[in-house]
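Chemist: Following the hints, complete the assembly by docking chain E onto the known chain C.
The lines below spell out each chain.
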Amino acid sequence: MNKGWGTAFALFLAAAVAEASAGSWRDDFASVVLLRDYNTRLVIISTALLGVAGGLAGSFLLLRKRSLMGDALSHATLPGIVLAFIVAVHFTGAGRSFAVLVTGAAVTGILGCVVVLLIRGLTRVKDDAAMGIVLSVFYGAGVVLLSIVQHMPEAGTAGLESFLYGKTASMVLTDFYLVSGAAVVALFASLALFKEFRLLCFDEDYARSMGWPTHALDVLMLLLVTLVTVVGLQAVGVVLIIAFLIIPAASARMWTSRFGWMLAIAAGFGGASGWLGSGLSALTPGLPAGAVIVLTAAALFVMSLLAGPDRGIVARTVRAHLLKRRIERQHLLRGIYEVLEEDGPAPQMAGEGTSMVTWEALECKRSWTPGELRRIVRRAYRRGLVETMGRAGVRLTDAGAREAARVTRNHRLWEIYLVEYADIAPSHVDRDADAVEHILGADLIRRLEATLTRAERPAADGVPASPHPIR
Amino acid sequence: MRGAVAMESGRKGAGRGGLPEEHSPRSPLSVHDLTVAYHRKPVIWDIDLEIPEGKLVGIVGPNGAGKSTLIKACLELVPRSSGEVRIFGEPYRVQRKLVGYVPQRESVDWDFPVSVLDVVAMGTYGRLGWLRPVNRRCKGLAMEALEKVGLADYAQRQISQLSGGQQQRVFLARALAQDARVYFMDEPFAAVDAATERAIVGILHELKRRGRTCLVVHHDLATVEEYFDWLVMLNMRVVASGPTAEVFTAENLRKTYGGKLTLLSEAAAAVSKEAGEAE
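Residue numbers (the working numbering), protein chains in the order written: chain C, 1 to 471; chain E, 1 to 279.
Calculated from the structure, these hints are not laboratory results.
Just so we're clear, the structure is a prediction, and the values are computed from it rather than from any experiment.
Just to be clear, a hint being listed does not mean it is correct.
As the list claims (entries may be wrong) - Pairs of lysine-lysine, DSS-like flavour, derived with a Cα cap of 27 Å:
#	chain 1	residue 1	chain 2	residue 2
1	C	K195	E	K41
2	E	K139	E	K208
3	E	K97	E	K41
4	C	K365	C	K324
5	C	K195	E	K148
6	C	K195	E	K97
7	E	K255	E	K55
8	E	K41	E	K255
9	E	K41	C	K126
10	E	K139	E	K41
11	E	K97	E	K55
12	E	K208	E	K97
To be verified - Covered stretches of chain C (chain E as the covering partner; in silico rule of three or more C-beta atoms under 8 Å from a C-beta of chain E):
#	stretch
13	186-200
14	208-214
15	247-258
Glycine included, C-beta positions come from ideal geometry on N, C-alpha and C.
The shape of chain C in the complex, shown without the other chains:
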């Protein structure tokens, strides 16, 4: 199933790219995205790699329920960047070395996490509050430092603001090596520690009871996130990098319920949003890369939210709709069965269907309006369960009669169970059984039959009498 959807998604992307290759702006876009353009090629490759690493690290963060920690970390990098810049300018005269800035970012980023842990350990301030405090205070300090730097005479056009919202255009070849190298390291670390991280995320106490150093693993995970965050700052920016980590992971969760698949899909989504987002922003110089990348990721998220096979809104709506139809159908069949039962001792099930039931009699069974009833009957007719006899009424086909007997039997078995074992008054069981019987599986029915004693149990296929008077 996952593979099917994955293929569909790949086809969709290919179609989108092919569609985009018509027209002149589209020509540019296509040449950028398909890496034909030399100037942007490296930027796009490194951002895509970063997206892959971000998807992996973000999945761990999300499943460890540490999303906010990642946010605190990324915001806490800002003062580090600016401080590193000041130090570099002071000692070497040139501040804009990516490696130096990244180091500064990592130092204060980790410091921010340490402060969160200290607040949590030493005071009774709760987790989320501690992270909120660290996030905003460190970021505030960064903004203050930034405005000081901009007034330093030797700073000139520092361009440090690009770290706020991300700017891929300023990347040079060494940056490319740094970003790609870090992304590849993160990728391999995620694969190597797959088992350990899965255990840690799922059940920390159990992991610790088996002797896994959970604190060390947490630190490793945080270092992984730090690595991706700091090298991603230039492309995506301090403010938005957390979205780059979390959104692909959250999207991937909509498509699968397997840890491995979730990582793979998150990596794919992260890579795709890095690829497309940096491509789009490369074409439009004024557009901050980070914002475009995050919006691309968000578009994929919305798509996943709608189309996810299990948790997607469309799938869930369809399932709910189908269940409603099934319930209506089963109510109709049981209604007909009960009307027939009133007429004779047991409905005639052999031969060419059953005798006819009038529309009026059926309308009385449930609070159906004539219009509703006709729609339900029409749908049952299409399934070959009933036949209409014009204005006179409806009757069950052979298949319909069998199905009606089965449905009624399940309903009554459940009712008897409720009366006998759950001490529910016979006058109430009809409604209670109504809520459950439609979702009773074959397995549960077998267990019901086994539970009900011989006296209560109907013959193999027989339908027991109702334990309460039928309306």
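Modeler: Below, chain E alone, put in the same frame as chain C:
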């Protein structure tokens, strides 16, 4: 009956007053003077226990008696304020491989994206060690454990699709896959269906037959005598510990559940208040 209790408290007295007690290497769990506090409020006080090997041990006591805390403190999952715990005569961190833990079902997020088999295979991670991926052998062991708890057909399901009782059995299977010598189980019978309860009891007996020791936090007094041959009655401190037939008495029950501990909990509250003011 009362003699056993008197002996128990007498032994405790001797242990505290005299030389430190020897931790028997034959005892799967021996606890000495264990005290645990959350936010400086004591949860369990001065616990002394000596559990013989091969017993099914029930740990009973009212809500807030510190049953889970006792287990977690033994497994070093919560910090101890004082005291010592020995597993077969050695500290827990040396003996980890001999211990299987079945946490409370509510302790994890069952919406987590893993299959039933994935969870049970986690029991074999300790044997695998660092960085080695889960292999066929691990999955085989996990499958065997799943068969023992009657969930082999559910191996590929996502864990959120299971009922509460089935989830509990998954946790049990994970501990079985570990093949430990002493098992700590935190409320395995809490809110489970009859089928699961029978399955768990069957497994407990199977473990006992193979000489394993199981410590089980339990809340249903009606089944205590039927399920356990050794009983620890706990209410912040050990009220009684011994063969079920001897210690499961009206007198001990009254002491455990009678709410006669107002003084102890008031003292605890006073301690924590003072600690709060000192902060």
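Chemist: Are the hints correct? Go through all of them and say.
Modeler: Hint check:
1. C:K195 / E:K41: violated, 37 Å
2. E:K139 / E:K208: Distance ~25 Å between E:K139 and E:K208 Cα, so the pair holds.
3. E:K97 / E:K41: violated, 32 Å
4. C:K365 / C:K324: holds, 18 Å
5. C:K195 / E:K148: This hinted pair holds, its Cα atoms lying about 24 Å apart.
6. C:K195 / E:K97: holds, 18 Å
7. E:K255 / E:K55: holds, 24 Å
8. E:K41 / E:K255: Distance ~22 Å between E:K41 and E:K255 Cα, so the pair holds.
9. E:K41 / C:K126: Measuring from Cα to Cα gives roughly 18 Å; hence the hint holds.
10. E:K139 / E:K41: violated, 43 Å
11. E:K97 / E:K55: Answer holds: E:K97 to E:K55 is near 19 Å, not above 27 Å.
12. E:K208 / E:K97: Distance of about 18 Å is within 27 Å: holds.
13. 186-200: holds (count 7)
14. 208-214: Held - the stretch 208-214 of chain C has 5 residues with a Cβ nearer than 8 Å to chain E, which meets the minimum of three.
15. 247-258: holds (count 4)
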